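Protein chains: 2
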Amino acid sequence: MTLFFQKELDKMKKHILSLGAMVEERLRLAIQAIADGDLQIAESVIKLDYEIDEKEVEVEEECLKILALYQPVAVDLRFIVAVIKINNDLERIADEAVNIAERVANITGKQDDVFRFDYSHMASIVEDMLKKSLDALVNLDVDLAFKVVTLDDDVDDLHANAYDLIKQEMLKSPEQAGSLINLYLISRHLERIADHATNIAEEVIYLVEGEIVRHGNY
Amino acid sequence: MTLFFQKELDKMKKHILSLGAMVEERLRLAIQAIADGDLQIAESVIKLDYEIDEKEVEVEEECLKILALYQPVAVDLRFIVAVIKINNDLERIADEAVNIAERVANITGKQDDVFRFDYSHMASIVEDMLKKSLDALVNLDVDLAFKVVTLDDDVDDLHANAYDLIKQEMLKSPEQAGSLINLYLISRHLERIADHATNIAEEVIYLVEGEIVRHGNY
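If you read the sequences in order, they're chains Y and P.
Per the numbering used here, residue 1 is the first one in the first sequence, and the count goes up by one each step.
Per the numbering used here, residue 1 is the first one in the second sequence, and the count goes up by one each step.
Please keep in mind that the hints were generated in silico from the structure rather than gathered at the bench.
Here the structure is a predicted model, which means the values were calculated and not measured.
For each residue, glycine too, the CB sits at the ideal point set by N, CA and C.
Any given hint might turn out to be false.
DSSO-like cross-link-like pairs, simulated, lysine-lysine; straight-line CA separation at most 27 Å [what the hints assert, rightly or not]:
| hint | chain 1 | residue 1 | chain 2 | residue 2 |
| --- | --- | --- | --- | --- |
| 1 | P | K13 | Y | K85 |
| 2 | P | K7 | Y | K85 |
| 3 | Y | K85 | P | K11 |
| 4 | P | K172 | P | K14 |
| 5 | Y | K85 | P | K85 |
| 6 | P | K147 | P | K131 |
| 7 | Y | K85 | Y | K132 |
| 8 | P | K147 | P | K65 |
| 9 | P | K65 | Y | K7 |
| 10 | Y | K172 | P | K172 |
| 11 | P | K47 | P | K147 |
| 12 | P | K11 | Y | K65 |
| 13 | P | K65 | Y | K167 |
| 14 | Y | K85 | Y | K7 |
| 15 | P | K85 | Y | K13 |
| 16 | Y | K7 | P | K55 |
| 17 | P | K85 | P | K47 |
| 18 | P | K7 | Y | K55 |
| 19 | P | K65 | P | K7 |
| 20 | Y | K85 | P | K14 |
| 21 | P | K85 | Y | K132 |
| 22 | P | K65 | P | K55 |
Chain Y stretches covered by chain P per the calculated footprint, using a threshold of three residues with CB under 8 Å from any CB of chain P [stated by the list, open to error]:
| hint | stretch |
| --- | --- |
| 23 | 84-98 |
| 24 | 175-189 |
Between the sequences and the hints, there should be enough to build the whole structure, so can you do that?
Pasting the structure below:
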């Protein structure tokens, strides 16, 4: 491996982790917007999504450049392909944060007596999953990656509970159907973020163990 | 370009298109399950999803093999990276078809007097988008790819209409909240399939025009 190649690889790692940190921050803001019903925060998440999009394009271009210039093989090749896919997942997590922010904007300030749903437990697990999946990537830590995969089941359960609770509320207060659908979808967006964090973790496991663990074959 | 490389590339193209055809068939079945409320078809879509998962893994392994063995550059490199991403989108479209099948299973046979929603227009556009996006890939047809991108707006509008209609119905019949949420989510799954078809089309445009058209920068 040449010194130039190692430098490019380090640069690429730095960029994907900086995208990861940006996406973590957007998720944090979206969750804060839910908790506080803060329209300004919600709008900033929506408005600044173009920054994430630009960064995603930049990381992918860099991966293509490295593939073309250095023609890496084996572990290095696998790593770069994993980064291309993780890059995609990170951008989609940011999209889901935008979706959450839009739902918050839809329901905030409309009714004072609206039913409130407590997402704090689910949100903290989802944030933890994203953090752990990125840490697993940095340290190629398979044990940590498996933890993320396990946590995904908890989020699925919490999402199913949210569905039941919100459905009950709809029976009681059908006039709030619009807001309640938005509340349900916030739960669904959080659940999808957990799915993307799981994808990242599974890529890390695949990377380290060299076999496909996706699609639940473990 | 060696003869061996060309052969491998042809083989990979054949495999991604065969995955595409499988996914088109699953979407067709899921849509038929909605239209006929056919539980058996819905269950077959769910049960056979592992075939798609296996095929996805196979295509990705093939891409990695070609990258490692032939170290392609320029257009060929770009094409293989595009296939890795399109492969991912196809597998996710099949997942959404499974989601639709699960929703159909949730609502079928529960109530006879349940509100029915007509997805036929939306479904036919979504099927058309998937078909066009795969044709655009085969023929590297940028015009066709742009048509897919345009159709995505129609699907978004139809999805917004579905939301309004189903919300109104929920006001009238709150006791049907569970079924109505499932109906809404079928619309949402169709809309997400349209998003994935758009991703495929945008990859084709990117491939041919060599610049990033994702994130609506066109």
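Do the hints match the structure? See the list:
Between K13 of chain P and K85 of chain Y the CA atoms are separated by roughly 20 Å; this keeps the pair inside 27 Å, and the hint holds. With a CA separation close to 26 Å, the supplied pair K7 of chain P and K85 of chain Y stays within the 27 Å bound. Only pairs whose Cα atoms come within 27 Å are accepted, and K85 of chain Y paired with K11 of chain P is accepted, the gap being roughly 22 Å. For the given pair, K172 of chain P sits about 51 Å from K14 of chain P by alpha-carbon distance, which is inconsistent with the 27 Å threshold.
Taken as a hint, the K85 of chain Y and K85 of chain P pair is honoured in the structure, with Cα atoms around 7 Å apart against an allowance of 27 Å. The suggested pairing of K147 of chain P with K131 of chain P holds, with an alpha-carbon distance near 12 Å, which does not exceed 27 Å. Distance hint between K85 of chain Y and K132 of chain Y is fulfilled; the C-alpha atoms sit about 17 Å from each other, no more than 27 Å. Of the supplied pair hints, the one linking K147 of chain P and K65 of chain P is violated, its CA atoms being roughly 33 Å apart against a limit of 27 Å.
At roughly 25 Å between alpha-carbon atoms, K65 of chain P and K7 of chain Y fall within 27 Å of each other, so this suggested pair holds. At roughly 13 Å between alpha-carbon atoms, K172 of chain Y and K172 of chain P fall within 27 Å of each other, so this suggested pair holds. For a cut-off of 27 Å, the pair hint linking K47 of chain P to K147 of chain P is broken: about 33 Å separates their Cα positions. At roughly 25 Å between alpha-carbon atoms, K11 of chain P and K65 of chain Y fall within 27 Å of each other, so this suggested pair holds.
With a C-alpha separation of about 49 Å, the suggested pairing of K65 of chain P with K167 of chain Y is violated against the 27 Å cut-off. Simply put, K85 of chain Y and K7 of chain Y have alpha-carbon atoms about 21 Å apart, close enough for the 27 Å limit, and the pair holds. Under the criterion of a C-alpha separation no larger than 27 Å, the hint pairing K85 of chain P with K13 of chain Y is consistent with the structure, at around 20 Å. Annotation: proposed proximity of K7 of chain Y to K55 of chain P is violated, straight-line Cα distance about 35 Å (limit 27 Å).
The hinted pair formed by K85 of chain P and K47 of chain P meets the criterion: a straight-line CA distance of about 25 Å does not exceed 27 Å. Between K7 of chain P and K55 of chain Y the alpha-carbon distance is near 35 Å, which puts this suggested pair outside the 27 Å criterion. At most 27 Å may separate the alpha-carbon atoms for a hinted pair to count; K65 of chain P and K7 of chain P meet this at roughly 13 Å. At roughly 22 Å between alpha-carbon atoms, K85 of chain Y and K14 of chain P fall within 27 Å of each other, so this suggested pair holds.
For the suggested pair K85 of chain P and K132 of chain Y, the alpha carbons sit about 24 Å apart, so the restraint of at most 27 Å is met. For the hint linking K65 of chain P to K55 of chain P, the alpha-carbon distance of about 15 Å falls within 27 Å, and the restraint holds. Against chain P, the stretch 84-98 of chain Y contributes 3 residues with a C-beta closer than 8 Å to a partner C-beta. That satisfies the three-residue criterion, and the hint holds. With 5 residues having a Cβ less than 8 Å from any Cβ of chain P, the stretch 175-189 of chain Y passes the three-residue criterion, so the hint holds.
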